[in-house]
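Peer 1: If you're matching them up, the sequences are chains A and B in order. Position 15 (the first sequence) corresponds to 15 in the working numbering; numbering is contiguous. Position 301 (the second sequence) corresponds to 364 in the working numbering; numbering is contiguous.
None of these hints come from the bench; they were simulated from the model. These numbers were taken from a predicted model, which means no experiment stands behind them. C-beta: ideal position from N, C-alpha, C; glycine also. Please note: incorrect hints may appear among the correct ones.
[Said to hold, decoys possible] Computed, partial: chain A to chain B, Cβ under 8 angstroms:
1. 18
2. 20
3. 37
4. 47
5. 58
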Amino acid sequence: MTRAPHLTSIVAGAMLVALGIVLVLNSGGGIHLGFAYAAPAVVAALGAILLASGLDARGRGRP
Amino acid sequence: MADQAHHERGAWRIALGAGLLLASGLLLIRATGPWPGDAVVWPVLAAATGALLIWRSPLPAPGRRRGWAAHRTHTARRRARSDRPPAAAPEGSGARAGWLVSLLRPQVSRRGVGVTLVLGAGIAALWANGAIRPAGEAVLTAVVVLVAVAFIFAPSWRRLARTLAAEQAARVRSQERADVGAHLHDSVLQTLALIQRSAEDPRRVAMLARTQERELRAWLAGEEQQRDGASLVDALTAAAAEVEAATGGSLDVVTVGDCQLDERAAAVLGAAREAMLNAAKFAGDAPVSVFAELSPTRIGVFVRDRGPGFELASVPAQRRGVRESIVGRMRRAGGSASVRSNAGAGTEIELVLERPGQRA
Numbered sequence: 001m002t003r004a005p006h007l008t009s010i011v012a013g014a015m016l017v018a019l020g021i022v023l024v025l026n027s028g029g030g031i032h033l034g035f036a037y038a039a040p041a042v043v044a045a046l047g048a049i050l051l052a053s054g055l056d057a058r059g060r061g062r063p
Numbered sequence: 064m065a066d067q068a069h070h071e072r073g074a075w076r077i078a079l080g081a082g083l084l085l086a087s088g089l090l091l092i093r094a095t096g097p098w099p100g101d102a103v104v105w106p107v108l109a110a111a112t113g114a115l116l117i118w119r120s121p122l123p124a125p126g127r128r129r130g131w132a133a134h135r136t137h138t139a140r141r142r143a144r145s146d147r148p149p150a151a152a153p154e155g156s157g158a159r160a161g162w163l164v165s166l167l168r169p170q171v172s173r174r175g176v177g178v179t180l181v182l183g184a185g186i187a188a189l190w191a192n193g194a195i196r197p198a199g200e201a202v203l204t205a206v207v208v209l210v211a212v213a214f215i216f217a218p219s220w221r222r223l224a225r226t227l228a229a230e231q232a233a234r235v236r237s238q239e240r241a242d243v244g245a246h247l248h249d250s251v252l253q254t255l256a257l258i259q260r261s262a263e264d265p266r267r268v269a270m271l272a273r274t275q276e277r278e279l280r281a282w283l284a285g286e287e288q289q290r291d292g293a294s295l296v297d298a299l300t301a302a303a304a305e306v307e308a309a310t311g312g313s314l315d316v317v318t319v320g321d322c323q324l325d326e327r328a329a330a331v332l333g334a335a336r337e338a339m340l341n342a343a344k345f346a347g348d349a350p351v352s353v354f355a356e357l358s359p360t361r362i363g364v365f366v367r368d369r370g371p372g373f374e375l376a377s378v379p380a381q382r383r384g385v386r387e388s389i390v391g392r393m394r395r396a397g398g399s400a401s402v403r404s405n406a407g408a409g410t411e412i413e414l415v416l417e418r419p420g421q422r423a
């Protein structure tokens, strides 16, 4: 029996990886990350996780 | 039920997630591109979200309670149906947390959130554009006073709300217990009494037991709840036929008019059936007269017999037939029942239910 992938975990993990890469680039001097760019990125990550979680809950509620 | 809860939670998360993604896009445009100004964009976004919530909120059914009232009724019914009283909280920490969350979180009205957002956006836009700045100090003072008063009285309001909810739960629990008691009396206890009277006739005893078993199974399965919309005359005639079959008595049913068999009419039907059963049991060979005058706004049922009669005051307290199954049931349904009986002169039971709110 194969387990269905957990969409929320996948999206949350991907968002954390993306944010981590951005922070590493920022500390390495590759990009300059000010609040004006960091805030939308964090908000977008939260939004994507919530969206995935909602879609996941809807899918699990389906018979 | 669980599917609906999943769907509801999922819908809220999807909406919130989409909103956050939109806000993120706007923040990015604000940082990089042309921007009309905070005083325009954020109030417009809040107002649009509020309007969307208002438009998407379902219209309440007529007569249905809304907001906190609906939450209190729902909570009271849920607590009343639970075997555990709220004070005797479940042992598990998860269950306790769930109970606490359900107590703290009211049923959020989508329309209420939408109206708050639209009003807040309007005030914010006026404030940001300087339109209400002259009155700003007075408004700020009023808001601060209101918030202070809310903080001071919030515990009292909360205690009051919890007391009301507990009282409502106790009332609902008591009413449901009375309904179940009345039903058990009308069905099982009456059948047992009939079985005792027919002990010398095994076929009749078996028939009574089979009929009672079917009726009890249907009641446990909730099939009786599905008769809404049926005709009260049909139900009354069927009840009279059932009583005749069970007791071997004779009932003359005369009806004038008709109305739909809703929850309150079903209470009158239950009380009438009990009155017919009592009359058929005690009237001997004399026929029992049943007269029903029915209209959508008023239900009147009279059950008369020429039996030995009785004194209501002399009936022992543990006998619930007349007190609970007839008088109590009619009172709970918002109607009245009067019993006129004299020793040796027969009995007349009058059941009246006024329904002024119903459409004629």
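Peer 1: A separate judgement is required for each hint: does it hold in the structure or not?
Peer 2: Hints versus structure:
1. 18: Violated: closest Cβ of chain B sits about 13 angstroms from residue 18 of chain A, beyond 8 angstroms.
2. 20: The hint is violated - residue 20 of chain A has no Cβ within 8 angstroms of chain B, the shortest such distance being about 18 angstroms.
3. 37: Holds, because the Cβ-Cβ distance from residue 37 of chain A to chain B comes to roughly 6 angstroms (cut-off 8 angstroms).
4. 47: holds (3 angstroms)
5. 58: Residue 58 of chain A check passes; min Cβ-Cβ to chain B is 4 angstroms, inside 8 angstroms.
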